[in-house]
Amino acid sequence: MDRPTIIRKTAADLRVPPNLADYAAARAAFSWEAVQAELAGLPGGGLNIAYEAVERHAQGARRDNVAFRFLGANTSRDISYGELSRLTNRFANVLKSLGVGKGERLFILSGRIPELYVAVLGSFKNGTAVSPLFSAFGPEPIATRIKLGEGAVLVTTELLYERKVAKIRDQLPTLRHVLLVGEDGQATAVPDTFDLGKLMAEASDIFDIVPTQAEDLSLLHFTSGTTGTPKGAMHVHGAVATHWATGKYALDLHAEDIYWCTADPGWVTGTSYGIIAPLLHGVTSIVDEADFDAERWYRILAEQKVSVWYTAPTAIRMLMKAGAEIARKHSYPSLRFVASVGEPLNPEAVWWGKEVLGLPIHDNWWQTETGGIMIANTPAADIKPGSMGRPLPGIEAAIVKKDAEGKRPGVSEEANAREAGVMPELKVSLVDTADTEGELALKAGWPSMLRGYLHNEERYRKCFAGEWYLTGDLAKRDADGYFWFVGRADDVIKSAGHLIGPFEVESALMEHPAVAEAGVIGKPDEMVGEVVKAFVSLKKGFEASDALRMELLGHARKKLGAVVAPKEIDFLPSLPRTRSGKIMRRLLKARELGLPEGDTSTLEAG
Amino acid sequence: MQEEELRAVVIATLKTIAPEVEEGDLRPDRPLRNQVDLDSMDWLNFLIGLHEKLKVDIPEADYAKLVTLGDVLDYLKKKLA
Chain A
1 MDRPTIIRKT AADLRVPPNL ADYAAARAAF SWEAVQAELA GLPGGGLNIA
51 YEAVERHAQG ARRDNVAFRF LGANTSRDIS YGELSRLTNR FANVLKSLGV
101 GKGERLFILS GRIPELYVAV LGSFKNGTAV SPLFSAFGPE PIATRIKLGE
151 GAVLVTTELL YERKVAKIRD QLPTLRHVLL VGEDGQATAV PDTFDLGKLM
201 AEASDIFDIV PTQAEDLSLL HFTSGTTGTP KGAMHVHGAV ATHWATGKYA
251 LDLHAEDIYW CTADPGWVTG TSYGIIAPLL HGVTSIVDEA DFDAERWYRI
301 LAEQKVSVWY TAPTAIRMLM KAGAEIARKH SYPSLRFVAS VGEPLNPEAV
351 WWGKEVLGLP IHDNWWQTET GGIMIANTPA ADIKPGSMGR PLPGIEAAIV
401 KKDAEGKRPG VSEEANAREA GVMPELKVSL VDTADTEGEL ALKAGWPSML
451 RGYLHNEERY RKCFAGEWYL TGDLAKRDAD GYFWFVGRAD DVIKSAGHLI
501 GPFEVESALM EHPAVAEAGV IGKPDEMVGE VVKAFVSLKK GFEASDALRM
551 ELLGHARKKL GAVVAPKEID FLPSLPRTRS GKIMRRLLKA RELGLPEGDT
601 STLEAG
Chain B
1001 MQEEELRAVV IATLKTIAPE VEEGDLRPDR PLRNQVDLDS MDWLNFLIGL
1051 HEKLKVDIPE ADYAKLVTLG DVLDYLKKKL A
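From first to last, the protein sequence lines are chains A and B. Going by my numbering, the first sequence opens with residue 1, and the numbers climb by one from there. Going by my numbering, the second sequence opens with residue 1001, and the numbers climb by one from there.
Here chain A stands alone, though its shape is the one from the complex (with noise of 0.2 Å):
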């Protein structure tokens, strides 16, 4: 079908003022120090995410307000905001009693349960830096980064405890506590952990929140590189800034919203954006503790008059293929504004929203190094279909080429540098000619920009060139100054909205007696974007077949888990690599797509 391609917005399509109603004037007018100055602050003097985010609320006029509304299967919680604020003070005490202090991490392995959100806002009030692990991680996931991460607490349930984490409990020294939430709210009594609700029942509700400053840790999310183990991207209590102004502009967040982000707290978003942002502004946040069903999204959506909604392409495609007869079985009358992250978001996709939810899907870019929403389609704006839409007030974004001279240098360069106490200084040049490809850059600086790497101070200045953040995707800018995603500058494969680390797969399938060498790569895919493909080749004495492909795959997805394990396997003779040794995945992604294979001597050696 032919449409526009742009959807021009009315005062119709506005049922409340939008928070960013002018967009060049609130730009021009825009200052982070202003942003700074309407948040509350400790009243000893500090920040602190939890109080923002909580005490202001639950000792203020919406104390009785519901902050978090958890779905289970057939039940419903409301938690109020002064009820949190006293479940994240015994929380707090909990910690405190075991010895827990500021700055130590405290990982979170579970699905979208009270107790979860409990303990990240916990957390914050003790100090304590929060890791949220998602719960379909497999054990080698969990261990590497509670390793990097030197967690000293997990929480986590007593069903994802013994299936996951006990096999690995002896791997991580730095892991002094292990608080456990039983099946169904039961007891639990598992050797060398705590009860949870015991200790929580035990602990007091009176909490005197540590005086954390703007700089201090406060979350550690891992994500995926090319090479390598994850990175721990530090992010600190002062990115609340950027939680506050994105919750206004970019969700358009009102007081009186009813307000549901479908991501799970073990990626950011469902952290940013699925904790933080709505209380700052004081919401009704649904959280939905049950898996993607199409049927259940759209009753949730109608009987709880879900006014803002927030969610992933993939689920977006999901709910497409499950047909619009679903989707009519129900009205939103009270859905106002729909916002979508992950991956970039096909125009078929903003067009459906609009034909079936009666509202176009307004489609935005950040990472987890950004911390919060950079680039964004608001509810004032003409949307462009297929378009992550523009820089909010305070982000500058520009694409960006890098200079000869400043290319990423080549390993023996590199080393050569490193030997000599320098690091070559990356450099870039802006492009300004419209709709040229080049990579995404953003004007360091903001609140919620990652601090560092946890232990890896070199790839994080590898992140920098001047003053601009290089964000490793590839985009084009158009003349009207919306921005549109190209592709990745690097391996790192996007499934579902999600980044996998191609080292991460390729090393646990190495760890199988049978295969000598494994390359991993994304296959695009419809629905999720790209599906994880390995290609393996064999040790002598192995031959290839479907029963040893059915153990290749069972073998990854054990150590994995079945987000990050490959959906498909194939048999290769011999694996193509690089004169340095290293396996070309740009060729093999070309192979399977049946590209042209280009001038091999020309991929990069690096």
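Worth flagging that the hints you see were computed from the coordinates, not collected in a lab. Fair warning: there could be bad hints in the mix.
Result set (BS3-like, lysine-lysine): computed pairs, CA atoms no more than 30 Å apart in a straight line [said to hold, decoys possible]: (1) A:Lys147 <-> A:Lys494; (2) B:Lys1078 <-> A:Lys329; (3) A:Lys321 <-> B:Lys1053; (4) A:Lys9 <-> A:Lys305; (5) B:Lys1077 <-> A:Lys329; (6) A:Lys589 <-> A:Lys494; (7) A:Lys102 <-> A:Lys198; (8) A:Lys523 <-> B:Lys1053.
Here chain A is said to cover these stretches of chain B; the calculated rule only asks that three of the stretch's residues, wherever they fall, bring their Cβ under 8 Å from a Cβ of chain A [unchecked claim]: (9) 1008-1019; (10) 1036-1047; (11) 1063-1069.
Ideal Cβ placement from N, Cα and C applies to all residues, glycine included.
With chain A's structure known, arrange chain B on it following the hints.
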């Protein structure tokens, strides 16, 4: 189709997606996705696999009823009857 036979088909289909599954570990009265790591795509492929093997239509509107292994078996039994 006998109940045992049906169960074998369901387990075999599940194993094409999650070969690591040990049949003996599965509790038929518990949500399947709490016991086996299945992301949304795996779950969809599982249901599509059942549809292809058993020639049973499983409309999206029924997905919500299929939570435990027992739910899946009961549902298919009725459809095949």
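Verification of the supplied hints:
Between Lys147 (chain A) and Lys494 (chain A), the direct Cα distance comes to roughly 24 Å. Compliance with the 30 Å bound is thereby established for this hinted pair. With a C-alpha separation of about 25 Å, the suggested pair Lys1078 (chain B) and Lys329 (chain A) falls inside the 30 Å cut-off, and the hint holds. Between the alpha carbons of Lys321 (chain A) and Lys1053 (chain B) the distance comes to roughly 21 Å, so the proposed pair stays at or under 30 Å and holds. For the hint pairing Lys9 (chain A) with Lys305 (chain A), the CA-to-CA distance comes to about 23 Å; that is within 30 Å, so the pair holds.
A C-alpha spacing of about 27 Å is found between Lys1077 (chain B) and Lys329 (chain A), which places the hinted pair at or below 30 Å, so the restraint holds. Among the hinted pairs, Lys589 (chain A) with Lys494 (chain A) is consistent with the structure: their alpha-carbon atoms are about 14 Å apart, no more than 30 Å. Between Lys102 (chain A) and Lys198 (chain A) the CA atoms are separated by roughly 23 Å; this keeps the pair inside 30 Å, and the hint holds. Taking the CA atoms of Lys523 (chain A) and Lys1053 (chain B), the gap is about 26 Å. The hint holds against a cut of 30 Å.
Under a criterion of three residues with beta carbons nearer than 8 Å to beta carbons of chain A, the stated coverage of the region 1008-1019 of chain B is upheld, 4 such residues being counted. For the region 1036-1047 of chain B, the stated coverage by chain A holds: 8 residues have a C-beta nearer than 8 Å to a C-beta of that chain, and at least 3 were required. Check on the region 1063-1069 of chain B: 3 of its residues sit with their Cβ under 8 Å from a Cβ of chain A, so the three-residue criterion for coverage holds.
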